[in-house]
Amino acid sequence: ETRGLYTINGHSFPKTMEDTLLGIKEGERVLVRMINAGQQHHPMHLHGHQFKVVQLDSNPLEIPLMVNTQDLAPGQTVDVEIIGSNPGTWVFHCHVLNHVTNHGEYPGGMLMILDYEDHT
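When we follow the working numbering, the leftmost residue of the sequence shown carries the number 6, and every step to the right adds one.
Keep in mind that a hint or two might mislead.
Below are the EDC-like pairs computed for lysine to aspartate or glutamate, each with C-alpha atoms no more than 16 Å apart in a straight line [said to hold, decoys possible]:
#1 Lys20 - Glu110
#2 Lys57 - Glu33
#3 Lys30 - Glu122
#4 Lys57 - Glu67
#5 Lys57 - Asp76
#6 Lys30 - Asp123
#7 Lys30 - Glu86
#8 Lys30 - Asp120
#9 Lys57 - Asp84
#10 Lys57 - Glu86
It is worth saying that the hints were derived from the structure and are not from the lab.
Given only the sequences and the hints, what does the whole structure look like? Please build it.
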């Protein structure tokens with residue numbers, strides 16, 4: 006993160022459409038590890054799906070949580086499982102409004118796409 010610029014895997018939207026596009030097939034299970042290397046909270050939200058929180062800080066949860074938004078505290082890691090159950094193209098983003106901007110311009114920042122293969 007730099008002043009006014011928030012990133013996922015080192016890129017801000019729309020560059021995340023190229024380098025961080027999250028592809029999935031219908032019925033597939035995808036594990037995503039989210040790491041907050043910054044100093045602010047990031048409530049990450051996935052449209053069109055519930056996802057399963059399976060690990061917090063590399064500790065498996067005895068009872069995984071089903072959510073569509075999971076907060077990442079500074080320095081925290083969260084592993085989530087996404088099941089390909091709703092074909093389409095879906096936004097996966099931070100729910101803090103200025104974190105999805107580039108220097109104040111929307112859309113940008115911490116916004117990426119979950120995209121089903123063979124979906125038009």
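Going through the hints against the structure:
1. Under the criterion of a C-alpha separation no larger than 16 Å, the hint pairing Lys20 with Glu110 is consistent with the structure, at around 15 Å.
2. Simply put, Lys57 and Glu33 have alpha-carbon atoms about 14 Å apart, close enough for the 16 Å limit, and the pair holds.
3. With a CA separation close to 5 Å, the supplied pair Lys30 and Glu122 stays within the 16 Å bound.
4. A C-alpha spacing of about 12 Å is found between Lys57 and Glu67, which places the hinted pair at or below 16 Å, so the restraint holds.
5. Using a Cα cut-off of 16 Å, the hinted pair Lys57 and Asp76 holds, with the two alpha carbons roughly 13 Å apart.
6. Taking the CA atoms of Lys30 and Asp123, the gap is about 8 Å. The hint holds against a cut of 16 Å.
7. Simply put, Lys30 and Glu86 have alpha-carbon atoms about 14 Å apart, close enough for the 16 Å limit, and the pair holds.
8. Taking the CA atoms of Lys30 and Asp120, the gap is about 8 Å. The hint holds against a cut of 16 Å.
9. Distance restraint check for Lys57 and Asp84: the Cα-Cα separation of roughly 8 Å lies within the 16 Å cut-off, and the hinted pair is therefore satisfied.
10. Only pairs whose Cα atoms come within 16 Å are accepted, and Lys57 paired with Glu86 is accepted, the gap being roughly 5 Å.
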